[in-house]
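Given the structure of chain A, go ahead and fit chain B with the ligand onto it with the hints provided.
One letter stands for each residue in the lines below.
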Amino acid sequence: MMANLKELAKQKELFTGGHRACAGCGTVMIARQVLMASGPDTVVVSATGCLEVVSTIFPFTAWNVPFLHSAFENSGATVSGVEALYKSWVRQGKINKKINFIAFGGDGGTYDIGLQSLSGAMERGHNILYVCYNNEAYMNTGVQRSGATPKGADTSTAPVGKVKKGKEQYRKDLTAIMVAHGIPYAAQSIAGNWRDLTSKVEKALAIEGPKFINVFQPCRLGWAYPPELTCEMGRLAADTCTWPLYEVVNGQYKITYKPKEKKPIAEWMKLQGRFRHLLKPENKALLDELQNKTDKNWEALLKKEAAI
Amino acid sequence: MAKTNIVAKTGNEAMADAMRQINPDVVAAYPITPATEIVQIFSGYVADGLVKTEFVPVESEHSAMSACIGASAAGGRAMTGTSSQGLALMAEMLYVASGLRLPIVLADVNRALSSPINIHCDHSDTMMLKESGWIQIFSENAQEGYDNMIQAVRIAEKARLPVIVTTDGFIISHGMERIEILSDEDVKNFVGEYKPEQYLLNSAAPITIGALDLPDYYFEHRRQAAEAMKEAKSIILDISKEYGQKFGRSYGLFEEYKLSDAELVIVAMGSTAGTTKVVVDELRASGVKAGLLKPRVFRPFPKDEIASALKGAKAIAVLDRSDSMNGNEGPVCLEVKAALYDKGLAKPVVDYIFGLGGREIRLQDVEMVYNDLASMLKGKTFDKVNYMGVRE
Ligand SMILES: Cc1ncc(C[n+]2csc(CCOP(=O)(O)OP(=O)(O)O)c2C)c(N)n1
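Those protein sequences? They're chains A and B, same order as listed.
Residue 1 is where the first sequence starts when you use this note's numbering, and the numbers rise one by one after that.
Residue 1001 is where the second sequence starts when you use this note's numbering, and the numbers rise one by one after that.
Extracted from the complex, chain A is given alone in its bound form (with noise of 0.2 Å):
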């Protein structure tokens, strides 16, 4: 079942080029890279955000697939929709082909205002994927911050000043709220590790139930990094543990990534701008902390692995 690149590559391109993307943007290589894993009997969903807005300017697409946006805050509960009413044609018999239901919102649209959605959607366990793209703040409308927002980030509405040093408050776990919901299969993956996505997204689509994979979306526009590192960018989050990669099947916690020698954050950092000012000596504290917070949290999660 794992995905095996040779084969990826032969497959029609379902999310094809031509989109409006940045320049290395993560979010179309995930998009990408969930419909090879998906195949094409998929109806994909989608949250307002740059996903949407940059593949589907009229009269051009970039979806090989059915797509419908509807807005901003309701992925959750459009895909719901979707899903009912394949349910309700495969019992009067007007279906019996497998399709697949994805839904995609970006991190502002997933964290914090689609959360209601979202949530409802998992609560009434339809058979879907949610997949968020989480580059950690609104970008879209021009780096704004979001419950994804890491603690110290500079952002445009929780800007770096004199008297402030970015955003105040850690990020929403939000993995960790889907997994509460009891859902089958809950994970984080990375833009920059193409295995790790297909694999799981692959995983999750054999699970009849709701799914949710929280992926890691480096973005060099918000982020203020060179395109070309976007995958470097990922996996440096993942080598840092500020982004563990995990699979929680059915409660189960398992690690999918564990990194051979775990680098400090300041080295993920240092590559981008809006972490500049916490590697400056004035702001040791602030980034001690941070750096705290993050091995307590991978600590945690070790735990939870163990504990099965």
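Just to be clear, a hint being listed does not mean it is correct.
Below, computed lysine to any residue pairings styled on SDA-like, alpha-carbon distance capped at 20 Å [as the list claims (entries may be wrong)]:
id, chain 1, residue 1, chain 2, residue 2
1, A, Lys94, B, Val1191
2, B, Lys1188, A, Gly93
3, A, Lys87, B, Leu1050
4, B, Lys1195, A, Ile95
5, A, Lys94, B, Lys1052
6, A, Lys97, B, Ser1203
7, B, Lys1289, B, Lys1380
8, A, Lys94, B, Asn1202
9, B, Lys1052, A, Gly93
Keep in mind the hints are simulated off the structure, nothing from the lab.
For chain B with the ligand alone, kept in the frame of chain A given last:
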């Protein structure tokens, strides 16, 4: 003539029964008084396996409409029911549904909007969305609610626009009436099969729905929707006529009650039209040429037809069961006046805002309006907008 079953039902029961007979593919809804019962009763039909419907008990009205949009875009018949705050919460998605030209049907049980919070009838919820691109059909009683609901499915699919069918909260929704229910078979045949041209579940022919329109296309798409609303008028008439021929109850864009020779005319929608008919009968018995025009289709607004129907009137009162709070007339009055103006009919028109938040309207109140019209003809002047039945 088709076989009908005469039963006693509340408006909500009648709407739920219509939904059972229509048998939509998907119903998604969230509870709100006084509409709750419709989907509550309907979910009983689902539980008993009487319908093929997938019922999605969502976590908000916003999600109810979102799920309907998903189901409709995917190629199915989708319906919901709501009221007041629920309709308001759906507002964003109502515009999306009409912009995407999805034939969703919504039963709106009219209720006042917060604040102050109030669960009783007025039309402010539907009126708030009169510019949303949804066809709006008002019902005078449970029978009309039932009949309108069944016709709405066909209207929506032919016009490729979503339809709101309203009933008045509590007055119709909870009042028990004698109504004639069609046979399941007749409804099934009347609504027929829905065959969308393009839909999401057809993965062999993938389409993108809900694309981003920049200044180069947005205007054209809105223009097409506006044209569809204009064309909906004749579609509604055709389907209403067919319904009348098959089942004996005919509907038009509006109802004229003793209007042809009427001099004093009231324009009223919903259950108030029923009350007004009683007063018209009484006045006619004493020789007063009173009449009623009851708009059934508020969107699209049949302005030419209404203006023609009002041609003989000497004085007109519009009863508005909502207030636009615009420093001007209520929504229905504004439409009526604009219609008259365009036909060059400069008639005395006076607006009465009434019944907000379930405040009763009695026969005497309607009679007083006719009396006002009579004294208006004798030269008495009135405020452009009058608040009827309020303590001031
Ligand atoms: C947008 C909107 N939808 C629906 C309602 C109707 N409504 C009022 S209270 C209520 C139920 C509240 O349930 P819960 O929160 O469990 O509190 P309880 O009534 O059980 O104390 C609903 C659905 C509303 N007021 N506004």
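Structure-based check of each hint:
no. : hint                  : verdict
1   : A:Lys94 / B:Val1191   : 18 Å, holds
2   : B:Lys1188 / A:Gly93   : 18 Å, holds
3   : A:Lys87 / B:Leu1050   : 16 Å, holds
4   : B:Lys1195 / A:Ile95   : 14 Å, holds
5   : A:Lys94 / B:Lys1052   : 12 Å, holds
6   : A:Lys97 / B:Ser1203   : 10 Å, holds
7   : B:Lys1289 / B:Lys1380 : 19 Å, holds
8   : A:Lys94 / B:Asn1202   : 11 Å, holds
9   : B:Lys1052 / A:Gly93   : 11 Å, holds
Hint compliance for this structure: no hint is broken.
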